[in-house]
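Please model the complete structure; the sequences and the hints are all you need to start from.
2 protein chains.
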Amino acid sequence: MEFTFRAVGIIRSCFKEKFGIPRQPGLVPDARATLELLPPYNCAEALRGLENFSHLWLLFVFHACPDNRERTTVRPPRLGGNQRLGVFATRGTHRPNPIGMSAVELAGIEQVNGQWLLDLKGADLLDGTPIIDIKPYLPYADSLPDARGGFADSAPPPSLRVEFSEAALACCRELEADRPGLQTLIVQILRYDPRPAYRKNQESARIYGLRLFDRDVRWQAGDGWARVIEIVPAKAL
Amino acid sequence: MEFTFRAVGIIRSCFKEKFGIPRQPGLVPDARATLELLPPYNCAEALRGLENFSHLWLLFVFHACPDNRERTTVRPPRLGGNQRLGVFATRGTHRPNPIGMSAVELAGIEQVNGQWLLDLKGADLLDGTPIIDIKPYLPYADSLPDARGGFADSAPPPSLRVEFSEAALACCRELEADRPGLQTLIVQILRYDPRPAYRKNQESARIYGLRLFDRDVRWQAGDGWARVIEIVPAKAL
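So the protein sequences, as listed, match chains X and A. For what it's worth, our numbering labels the leading residue of the first sequence as 44, then goes sequentially. For what it's worth, our numbering labels the leading residue of the second sequence as 44, then goes sequentially.
By construction, these hints were calculated from the structure, which means they are not laboratory data. There's no promise every hint is true.
In silico SDA-like cross-links for lysine to any residue, where the CA-CA straight-line distance does not exceed 20 Å [what the hints assert, rightly or not]: (1) 164(X) / 182(A); (2) 164(A) / 187(X); (3) 164(A) / 183(X); (4) 164(A) / 191(X); (5) 164(A) / 188(X).
This is the structure we're talking about:
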């Protein structure tokens, strides 16, 4: 039994590669993204009434993940990456059908040169993600604060203290003329420690790169800390 | 940009036709449904760890709805059916891609004759609905009690007082040997008034049929009341 769906919109986001994307929406509130509507939904009618909702569900396709349709178990990062759970017991990206869902804040709706745009906050989405549905968040039906959340019953606590080198700080200051809040955004991302679980106990000499917008944020990490070394123009992917 | 997905499971539900299905999950807590896993996901591995979650998200296909992909506005029943909103501002069934999402309670997991089954409560799903993904409900990421819910900011209040004829009551008693809680289920469904909005002010002579399991529940309604007249074996659909 097969079904064919098509994109109704595309995400434009600061996250240009998978590494560093927060593992759930809302963890990095200053991550802004823009949803560009595609025809025939690039019109005021399709959005009429949406402005009355503070949050949206986005259903999207994990477009940059390899096909893993036959896989029945995955290793969630929250469990350290060494314990297998059923695909249906996790929110991981490797799924029978590569569909993701995120609740995001709707910060605004605007039209620029004929293109309708939804301005989103707290998004955990890769640049270029195809959106296959947008639904209003209905608190009376969707909010179940007493649900039992299994291995992920609470938000992951920030685990790293984030510092900046003087060079990185100077670079932030300069870039913030165009990208207000860049430093805060970097702190919000790094404090959750985006390193793969199996690397977290390794030596701190390794320099990680995290691509944000058109910049490569270069950082190191150790036990309880991350340090941004420099922020350089990103090489083409 | 097109994507092809396939069913990972099928819903077995008391709701054999669209009429009478609650408009959101959870409104009819006694509506039980069963999710049958399809190969290759009909196995213990795919479900490992799911038992630790109290609620699930089901992503499903509105399989019994006509194709309305080009439609950009719909008339939500909550607004009386005479006001048009953008498809993305409603949770209606007519959508650019016919995908629905429901948060349901996971009442149990069992295996019967090699078939893995998820026992669900509060489902608002038509019998035969294809499921394309199952995800655990994560309260820390999914529960946003302070979200602003637009035109559907709170659950619809039950609007009808439900009564039974003596014949209907006797029939309930008899059927409840096999279908415990049938009367409660009927009350939970009818009190939300499943009639289309444009019929709600019409005369009460009309007899409505509501197919539940293999029975046809026949009822009438007027201003503030619904009355179950009889419960008869359903004709083949």
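Outcome of the hint check:
{"no.": "1", "hint": "164(X) / 182(A)", "in the structure": "holds, 19 Å"}
{"no.": "2", "hint": "164(A) / 187(X)", "in the structure": "holds, 14 Å"}
{"no.": "3", "hint": "164(A) / 183(X)", "in the structure": "holds, 17 Å"}
{"no.": "4", "hint": "164(A) / 191(X)", "in the structure": "holds, 15 Å"}
{"no.": "5", "hint": "164(A) / 188(X)", "in the structure": "holds, 17 Å"}
In terms of the numbered hints stated before, the structure departs from none.
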